[in-house]
Amino acid sequence: MKPLNRNQIAWRAAQDIPDGNVVNLGLGMPVLVSNYIPSDRDVFLQSENGILGVGPEASELNINPNLVDAGSRKVTLRDGASLFDSANSFAMIRGGHIDITILGAFEVSISGDLANWDSKIPDKGPLVGGAMDLAVGAKSTWTMMQYNTKDGSPRLLNYCNLPLTARKCVNRIYTDIAVVDVTNQGFIAIELLESITAEELNTRTEAEISLASDCKPLQAPADLI
Amino acid sequence: MAIDKRIETAKEVISKIFDGAVIMVSGFGGAGFPNFLLEILRDAEPKELTLVANSATHPYSLTHSLIEAKMVRKVIVTAARGRGKELSPFEEQWRDGSIELECVPQGNFAERIRAGGAGIPAFYSPTGYGTDLATGKETRKINGKNCVLEEAITGDFALIRGDRADRFGNINFNTTQMNFAPAMATACEVTIAEVREAIDEALPTTDVHLPSVYVNHVIATGREV
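Sequences listed follow chains A and B, in order.
The numbering of the first sequence is my numbering, which starts it at 2 and goes up by one.
The numbering of the second sequence is my numbering, which starts it at 8 and goes up by one.
Treat the hints as calculated values from the structure; they're not laboratory data.
Only true hints are included.
In silico DSS-like pairs for lysine-lysine, Cα to Cα no more than 30 Å straight-line:
no.: 1; chain 1: B; residue 1: 144; chain 2: A; residue 2: 121
no.: 2; chain 1: B; residue 1: 77; chain 2: A; residue 2: 121
no.: 3; chain 1: A; residue 1: 121; chain 2: B; residue 2: 92
no.: 4; chain 1: B; residue 1: 81; chain 2: A; residue 2: 121
no.: 5; chain 1: A; residue 1: 169; chain 2: B; residue 2: 148
no.: 6; chain 1: B; residue 1: 152; chain 2: A; residue 2: 121
no.: 7; chain 1: A; residue 1: 151; chain 2: A; residue 2: 3
no.: 8; chain 1: B; residue 1: 81; chain 2: B; residue 2: 92
no.: 9; chain 1: B; residue 1: 81; chain 2: B; residue 2: 18
no.: 10; chain 1: B; residue 1: 81; chain 2: B; residue 2: 144
no.: 11; chain 1: B; residue 1: 23; chain 2: B; residue 2: 54
Among chain A residues calculated to face chain B with C-beta under 8 Å, some are:
no.: 12; residue: 49
no.: 13; residue: 69
no.: 14; residue: 71
no.: 15; residue: 87
no.: 16; residue: 91
no.: 17; residue: 126
no.: 18; residue: 128
A few chain A residues that don't get close to chain B, going by computed Cβ distances all over 10 Å:
no.: 19; residue: 36
no.: 20; residue: 172
no.: 21; residue: 203
Idealized CB from N, CA, C, for every residue including glycine.
Generate the whole structure from the sequences, applying the supplied hints.
See the structure below:
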């Protein structure tokens, strides 16, 4: 098995969403998770612009130009959906009514600090959006990311280098080579690509990381391109 | 004298927007931007405005045209990053130091506006604690949770977009058009609403999303978005 592509990472994260949960998906890779939630599970996707129960993306047949998600996609509503204003939406988020938020990440520290909003590109303005509120308010925060940067630097660190989104908030990390839990005992890989050894995982991680005693091979359907 | 908040043309009310005014502009993710009113505001050319809007750079919102026309002294936003590598008009002026930026987590942004309209001068929020966006702000640990003191935001004028209105100024929104509009309408001295249609009879009570007491002027544009 090769390292997972974006859709395969999204598929892998989707398998872990429990039936009945309310989930907010961040912009970028996390929104792909919506394509892979098992159809026998009743999951309500929350979009912070004011939707509880986002449905599939709209087609030409059912498009409403005013019905969009936080990523500006034209969407539909699922059965049982509701609509509300932004203040109400963030009361839902900050008030602990969201089970899981899945966010993109630049860096995660061993204590669960998250850096995902400001990559410090010169002269480009900041974009925080709802990330800080989601990371603080959701019951669980998962991140989806490439395990290393493009130049091979680690992103699972002792301390984040980039500006923080929130402290001690990340519970689980889905990547192209491993699924990692953030625990009081540090990073623990619960799934690892079969072609990668524990030693290699260590060299690709700045902070200490260990394998779970029941660590499984990381797998995803091969036809997700 | 019968109440009728509907106006035939918006030029006169927009001309009352003075130099240095604080303007709130609704809209998020491509829905709910009051672009009809923003075009008129752009032509009226008041200077030194403070803009309170979700984004300073969203391509569908004409907020960027006000910035491009050098009418804006400060923005209070959750997003200020233009798409792509090119700098947006906002980013150019920000780099040159000619425009001030206050970047706010979206939930704190929504709640500060809500508080402004609800007579709450400030509140403690866990969002942003320990991050660059809380620098210099008062903090306090409440029931074991670290929080940041966030002050309410109020404004002089709110420009919002709805779907339908009646002569009393009751507003109905089409799905996710709603976003920040209800909170902004409560937090400003004067609210001007552009809507698709403004009817003679009263809106059905259960269709009213924003009560008339918060709305001063209504103009029908016939526009779908």
